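Make the complex out of the two chains shown on their own, each in a separate frame, by following the hints.
Residue strings, one per chain:
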Amino acid sequence: MSIRTSQLGPLESARMSTGIHGMDTMIGGGVLAGDSTLVAGSPGTGKTTMGLQFLAAGVRAKEPGVFVSFEYLPQQIYRDAETKGWPVRAWEEAGLYRLVCTSPEVLLSEGGEGLSILDENLREVQAKRLVIDSTSQFEMYEGGPAKLRHELVGLMNHLRLQGITTFLTHEITQIVGPTVTVSSWGLEFLVDNVVMLRYVELDGEMQKAMNILKFRGGDHDRKFRVLKTTSRGIFIEAPFDRVENISTGSARREMAERLSELV
Amino acid sequence: MAEKMEWLHHSIEAWLDSESKVRLLVFFRQNPGLIDTLQGLAQRLAVPPGRMERDVERVVELGLVKEREISGKKVYYFERMRAKDLEALMQAALDLRREAVPA
Numbered sequence: 001m002s003i004r005t006s007q008l009g010p011l012e013s014a015r016m017s018t019g020i021h022g023m024d025t026m027i028g029g030g031v032l033a034g035d036s037t038l039v040a041g042s043p044g045t046g047k048t049t050m051g052l053q054f055l056a057a058g059v060r061a062k063e064p065g066v067f068v069s070f071e072y073l074p075q076q077i078y079r080d081a082e083t084k085g086w087p088v089r090a091w092e093e094a095g096l097y098r099l100v101c102t103s104p105e106v107l108l109s110e111g112g113e114g115l116s117i118l119d120e121n122l123r124e125v126q127a128k129r130l131v132i133d134s135t136s137q138f139e140m141y142e143g144g145p146a147k148l149r150h151e152l153v154g155l156m157n158h159l160r161l162q163g164i165t166t167f168l169t170h171e172i173t174q175i176v177g178p179t180v181t182v183s184s185w186g187l188e189f190l191v192d193n194v195v196m197l198r199y200v201e202l203d204g205e206m207q208k209a210m211n212i213l214k215f216r217g218g219d220h221d222r223k224f225r226v227l228k229t230t231s232r233g234i235f236i237e238a239p240f241d242r243v244e245n246i247s248t249g250s251a252r253r254e255m256a257e258r259l260s261e262l263v
Numbered sequence: 001m002a003e004k005m006e007w008l009h010h011s012i013e014a015w016l017d018s019e020s021k022v023r024l025l026v027f028f029r030q031n032p033g034l035i036d037t038l039q040g041l042a043q044r045l046a047v048p049p050g051r052m053e054r055d056v057e058r059v060v061e062l063g064l065v066k067e068r069e070i071s072g073k074k075v076y077y078f079e080r081m082r083a084k085d086l087e088a089l090m091q092a093a094l095d096l097r098r099e100a101v102p103a
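In order, the protein sequences belong to chains E and Y. Going by the numbering used here, the first residue of the first sequence is number 1, and it counts up by one from there. Going by the numbering used here, the first residue of the second sequence is number 1, and it counts up by one from there.
Please note: incorrect hints may appear among the correct ones.
Okay, derived cross-link-like pairs now, DSSO-like style, lysine-lysine, Cα gap no bigger than 30 Å in a straight line [claimed, not checked]:
(1) E:62 to Y:84
(2) E:147 to Y:73
(3) Y:74 to Y:84
In short, the hints are calculated from the structure, not lab data. All figures in this text were calculated on a predicted structure; none of them were measured in a lab.
Chain Y on its own, in the form it takes in the complex (with noise of 0.2 Å):
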């Protein structure tokens, strides 16, 4: 119990550190179909395309996102296999959130 609660901590660290990459993978999750380039992503969330480009970097290393390149653009999708990860993971986040904060 106590080393997949570890477990847990690291990938929440590691997965959701921090506001603006939960908001990604959420808008990734909830939109599966999306293939676009940095600027594109970042103009659907209104984002700074140079406040994003570590994020996006960031969720492509850990797997949630794929990258590839189309006639030159670097353009990025979900990776659907990973969704119930994502989701389980997420759901955790809030069942640690809720502990943490007595009702």
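Here chain E stands alone, though its shape is the one from the complex (with noise of 0.2 Å):
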């Protein structure tokens, strides 16, 4: 991918809304304006809606998005959108949004005058915040994990060169157990924070947990928080109250709530 000396700006440290409720508040306030966010998390905890929910607050601050979509078709996109309350077809119309579907080879190789299809887009729409859903096939990528870890280095400069606040997102494979492996390729070095999504097997239910293990724009809470899918999108809640063991997804309550429990 190549970089242009006319688009290259000074590193942005303004702090960006997340969108996402309570997520913010853990952070400090936002992510880092031209900063990248991993979301790695198991089928169906809430990857997909985050990264709309992110492009939402977007185009609610007049920073429009570009989403871009390896595994749902658009009309997918924008029925769950529209479930939520975010009119994505109507964004388009109005220059705010642009969705993509595509291969992670046509969306990295090079068009017309050294641009590829996804600086296009975020030139059409003059973006500032972009989502990539899913990296996971990345690992389908052609040219091998030596030559895709380097475009993603390249990929990931040539963003925040631009002032693009990126989330990305990540499928982990396991439900619920002891370890995670995030990628086989290291996208967690990459990226400049990551947010776990994870299932968590609790008082008979599985309830879904979300934990930011990484974030480079200064402190940050480090919490288990329950997290909540709802029909106005994705709500990050209190944390999970005297539980341990959270990160093996097998969480039981502590030595002292148990004893309680049963005096």
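This is how it looks when you write it as structure tokens:
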């Protein structure tokens, strides 16, 4: 991916709201503009919804966005977004949003004038925000892991220099378990922030937990918090109270809590 | 009126002359942000690429879908500027069908 000197601007330091209820307060007001955030989680934990919510917040803040989908067709995304109250079609018509569905190879390949399909779409809506859903599809990249990593380092730098704040989703195949592998090619090292979404088995039901593993923009809340998916998007709620072993996926009440139930 | 009807019939014949082409155009209209190769499109629509090639060529000729070469591969995407034309024509085709088949 080529970078033109005319595109280079100062590195941004302003905070940008994620639009995800409860998340901004965990990270000092929002992500740093131009930074990249990896949202990694098991299937159904809310990664795509988080991406859509991040762009919806952008539209409200007059910060246009591009949503790149490698898996879902646009018609599925329109439907899912509209059920949450985000009229993506209307935003596209107003030039505030662009939905692109393609493959990683096509997205990153250079077209005319040295610009990639991604560059063209970012430029057309003057995007400030980008979501790539999901980077798991990069694992099928034709060039192999070393070339892929090289391409992604270039892509992250390219986006940062353009002041585009990015959310990347990534699928974790384990539903619950003591160990979690985010990606086999070290994606978590290439991004500025890492958000983990996990299922937690607790009190006989599957709950969802959200945790910020890594955040470059300063101190952050390190607690496992309850994640709720509602008809208005995702809400990050209070920390799990007196619960241990959340990271294993098989959480249990702390000993004191269990004893108090017995007495 | 007669001239308009003639134009409409002509356009419908040219644009919507086969079920597979209609299916392809509806698919692009529903998914305007789709950018894919012939193989990718065929896979998404569960149609053998060989069967779809001619339809893709025709919709490109008609200016409804654009073609470009990226890293040696041809990719196709919907011409968003023509979305309204396509919608109007599809509506007209549906209206004509309704008129032709009395309730």
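Each hint, compared with the structure:
Of the pairs offered as hints, the one joining residue 62 of chain E and residue 84 of chain Y holds, with about 26 Å between alpha carbons and a cut-off of 30 Å not exceeded. Proximity of residue 147 of chain E to residue 73 of chain Y is assessed by CA-CA distance (about 19 Å); at most 30 Å being required, the pair is judged to hold. A threshold of 30 Å between alpha carbons decides the hint, and for residue 74 of chain Y with residue 84 of chain Y the separation of about 25 Å falls inside it, so the pair holds.
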